[in-house]
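**Q** Make a model of the complete structure from these sequences and hints.
Residue numbers (my numbering), protein chains in the order written: chain U, -15 to 325; chain Z, -15 to 325; chain H, -15 to 325; chain E, -15 to 325.
Treat the hints with care, since some could be wrong.
Because identical chains share one entry, a pair is satisfied inside a single copy or across any pair of copies.
[Unchecked claim] Only pairs whose alpha carbons sit at most 30 Å apart, straight line, appear in this in silico DSSO-like list of lysine-lysine: (1) K94 <-> K248; (2) K228 <-> K96; (3) K94 <-> K9; (4) K248 <-> K9; (5) K228 <-> K94; (6) K71 <-> K244; (7) K96 <-> K11.
These are computed hints drawn from the structure, not numbers from a lab.
4 protein chains.
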Amino acid sequence: MRVGVLGATGYAGQELVRLLRRHEKVKELYLSSSSVAGQEYAEVYPHWSGQNIGILQDENVPDLDVVFCALPHGLTASRAGGFLERKMKVIDLGADFRLNSAQIYEEWYKVKHPAVELLSEAVYGLPELNREQIKGKALIANPGCYPTATLLALVPLLRDQLLYTENLIIDAKSGVSGAGRGVALGYHYSEVNENFKAYGVASHRHTPEIEQELSRAAGRPLTVNFTPHLVPMTRGMLATIYAKVRAGIQEEDLRKSWIKHYEKEPFVHILPRGTWPQTKFASGSNQVFLQLTLDQRTGNAIIVSVIDNLMKGAAGQAVQNMNLIMGWPEEQGISGTALWP
Amino acid sequence: MRVGVLGATGYAGQELVRLLRRHEKVKELYLSSSSVAGQEYAEVYPHWSGQNIGILQDENVPDLDVVFCALPHGLTASRAGGFLERKMKVIDLGADFRLNSAQIYEEWYKVKHPAVELLSEAVYGLPELNREQIKGKALIANPGCYPTATLLALVPLLRDQLLYTENLIIDAKSGVSGAGRGVALGYHYSEVNENFKAYGVASHRHTPEIEQELSRAAGRPLTVNFTPHLVPMTRGMLATIYAKVRAGIQEEDLRKSWIKHYEKEPFVHILPRGTWPQTKFASGSNQVFLQLTLDQRTGNAIIVSVIDNLMKGAAGQAVQNMNLIMGWPEEQGISGTALWP
Amino acid sequence: MRVGVLGATGYAGQELVRLLRRHEKVKELYLSSSSVAGQEYAEVYPHWSGQNIGILQDENVPDLDVVFCALPHGLTASRAGGFLERKMKVIDLGADFRLNSAQIYEEWYKVKHPAVELLSEAVYGLPELNREQIKGKALIANPGCYPTATLLALVPLLRDQLLYTENLIIDAKSGVSGAGRGVALGYHYSEVNENFKAYGVASHRHTPEIEQELSRAAGRPLTVNFTPHLVPMTRGMLATIYAKVRAGIQEEDLRKSWIKHYEKEPFVHILPRGTWPQTKFASGSNQVFLQLTLDQRTGNAIIVSVIDNLMKGAAGQAVQNMNLIMGWPEEQGISGTALWP
Amino acid sequence: MRVGVLGATGYAGQELVRLLRRHEKVKELYLSSSSVAGQEYAEVYPHWSGQNIGILQDENVPDLDVVFCALPHGLTASRAGGFLERKMKVIDLGADFRLNSAQIYEEWYKVKHPAVELLSEAVYGLPELNREQIKGKALIANPGCYPTATLLALVPLLRDQLLYTENLIIDAKSGVSGAGRGVALGYHYSEVNENFKAYGVASHRHTPEIEQELSRAAGRPLTVNFTPHLVPMTRGMLATIYAKVRAGIQEEDLRKSWIKHYEKEPFVHILPRGTWPQTKFASGSNQVFLQLTLDQRTGNAIIVSVIDNLMKGAAGQAVQNMNLIMGWPEEQGISGTALWP
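**A** Pasting the structure below:
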């Protein structure tokens, strides 16, 4: 098995390297970077010194069985067609194939979609909600981190018609690594540390992705308020979700819906009542933690969902998708529990 | 002027010491602590070494002009009557006099209120919203930190009837210092650092305080969903608030309501459109920062409010109340801007 | 293979659980805790929910092949004899068997040594420096975290007589997890965050352990100045070491000594000249990173050594020792690279 | 009094703004920035919104009484002569006038000194050690942060001939704000958080500054090992210093030397024996905290010195120097204690 990572020096790319190096089925690893091709990987990331990672390649991608694309949006779409023709499986960690509609893509990403004809071939790669459609596919749109945390919490409840679809509020919080390795004043240590803020208010690009998949689950179009926040920590993501439950629905009904969907899922954990998830529960792992309560005073369910933004929110889920399309055990290479503390 | 601080070794108490030591009108400072009476203040807080703070007193409080009570709930209520009889002004940083109803107090705080007869004498000390009622009063209930951040954002809009009162969502985030100096596993560095969590979900004691004051502003009873979260930082508080605007109301109407209420307020700053508050903007200061947008897609206003939890959320506001009841300039001793970075 | 962890709910104990659960040779895991026996492990550490860890046992230890003792000092010494008689291998993560001299133990630990007769049976478990003596032994004293970081840097250079033995300065810095999970004001988030301090100055208990092993390497008694500091981070350890090089010795000689000792070591990495180790290089891994320079102006070598305090500084090294005494591949279960970022 | 700050948008510049806005003698404030001239100050630093700071000026500096230069090295030297001719007092927060020797400046800063003729007019502005020479001077070289922490600890002991001058080791640790507001991967939050490293090993530019002033104190040339480290925190600086005491000297002699030098100093605090300084003791203040012990086993004094790098290490000390040369009370505008927690 030959596997490639394009964009191997970003945080998601490096996380893929960490996972794929330990993956039993992966025999050969091709790593490329447009910006630092020709450099030793361990020069870019000295913690890999002594591990024989080798040289970063340019973008003349050889024949591979699977190629992970951890690239800025737009780039994967322009190259995916060629990869598919060469019979390579493509797992895109970016946004190019997540939205079914090229028009909505263009509205939110402000560029023309470079490969509209491929949109219908792509599948949204959230295994716990979409497993059968993913199997055997060649072009996987790996979900965004915020959508992953949100959809795992809400899709079962919407599928089971337990919630009203008006006024869904998703108040989400992420560690800084989600913004990537690029330097900017907004990610300067002295500006982020001991600080907390909202960003992308009413305008974050994960909004249409969340709405598309929630609408599909509910069986009709819906909109959400989605507000991301930046937490002074490196990893981790938590979504606090507010949703009005339908008349007559009890907390137990909500919980049963989750259990029905997730009881056999190795990565999704519904915590005992009263134990609320913390981002650190998932740190460095592909695990997901869920909890909810129904506030009788307001009729709202309050739902909390936790993932590691670089694992279940990016690289871990991408490997899970690879395992799925290749027919390997789904937990292969991503089965660990969090690093604690 | 002789001023006292009861509970002078907690974080709010120590912050009062910092402020009162620099306050021009305060000539004499009486500091007490039930747990470490007799110790040098600088033994408890060595950063005060060389500043001649003196010895911590016991609770035989001498005659004072103003006494700040930074004590666990229940204690101030049992002592306030005596202080008032001795013609001392009482500013309670705890919860004992914030709720008008002894019954609601008992429901949420699980103890019988020790001084029901004083409830009608107390005034809720949020100067920007309540200034005239505070002046000249002798018993001030200094608001909780979460209520301060929330009410400053919402009260003008509710008074002006710009929002529906159903489904108000307050998703709030606080630094760890709000939990005080007591040790517990939940505040152990290794458990909090690189971690983010919700707590007190649908059960936090600031909920009835928020509802009481919002109901007063709206002119009718309302309930809210209030969810506090713990941010891995020491200071700072941010509330993200979701509220449905009434039909026909535009973003500009909301902004005008804020401007009308706050244009002469020295501590409240409505940021330029598009600049969202960060907790660090207020760090160590009594300043408040506000921003909002109206999401046309959902009809919800998204409002963000920022304070320093120990300043405008506790000690700073308490000094502001002292200035007000004593007839001194309201900014005296609390006029500074944030420490940055 | 049946393996036990006594003190399984401390941080080192929990890290052992994480490692042993993934270790291919370990079939059965016995976890005990004196304080919370009878509880589900996942109640103590909810991030283990859904992983079937089971119930914490009391201290009636069954027959095991290997028992790891992550207990306060004094406890292991009083129980080790019984374990050894039952033919169990004992790996002590505490201090009871690190010092050869019961008298020095008593001076620094302020208790009488409970099992002086076992001291001669124990071996100091630092594989890279002591591999042959460890193999086949039944009682392993797993080194302290500070000694591990220090000895890996200095022992080769002292063995090769490249340094003067006077005036060795070890200025060390550790993340907070090294202090364990016990609550105390000194580890309260609000007191540690945005703070840095020295502690145990000229009195830390790792001093005699460092001196014993450095003296052994140098072939004569020596003393050191060892000053630990607390860094506002959870994991990681860095030692900055100052040592005067012998007349005529060049930087290249120092480097060659390291290479000679470590070129075949899987866990020890001498970084390229000019690349200085950072604690994050080792985070969550058993890796060690070294760098040095010779300051011609002063004649001092400045040496920096980095480990993860809970891995190579505790649980990782303990598993390495288990692998060694059991004759398994030394990297089994501990071969990973750091979690980054 | 008209006062100017050149480089008003860097961290030291902004700290000067914070201090000068509250300084009673400063009536008018001129702020300039070469990079963002013409912008509102509150656009650059929104926490100043509503405080009427005004527009950032370009570098056509008007007549001022005092001008603070917080500029990259080289720039102040090229402009200082002109300012002095216009009878302005110049306080340079950069390095241009700290070294007496243009040759040593050029060795370490790699540029030719632009104003060698002014070197003899400049005075090294460390008031506690140099007060009489500073008074009335027109060109002040404000010391570096690391030198300030180091010199306050060592100069008294060297003046009093209590230490050997060989093998002085200064192991120093700084918060990230010392690196300024410029963006770079090395200051990216995700790379700094949960990380600790040495930098500038045996090559940091504060080395010759430290050596110059220590040599002056000792009365003969000496060299030091100075190793700075980056702590994952925003503010604060701590130096751990190792020095061999002369034969016959006791810990008490060292302490007496400090007391003799500092007993009347408002900013310098020698802590009670056994209480070791923490960086947070000084956070946001101009205070200095000192402690030492004499390790009888090695004959070394271990000395710890703490300052806030942006206050006593930069802006606070600069204002102290202004107060001194203008004949104002030395604590004016900088008398506060730390923000805690």
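**Q** Of the hints given before, which are not true for this structure?
**A** 1, 2, 3, 6, 7
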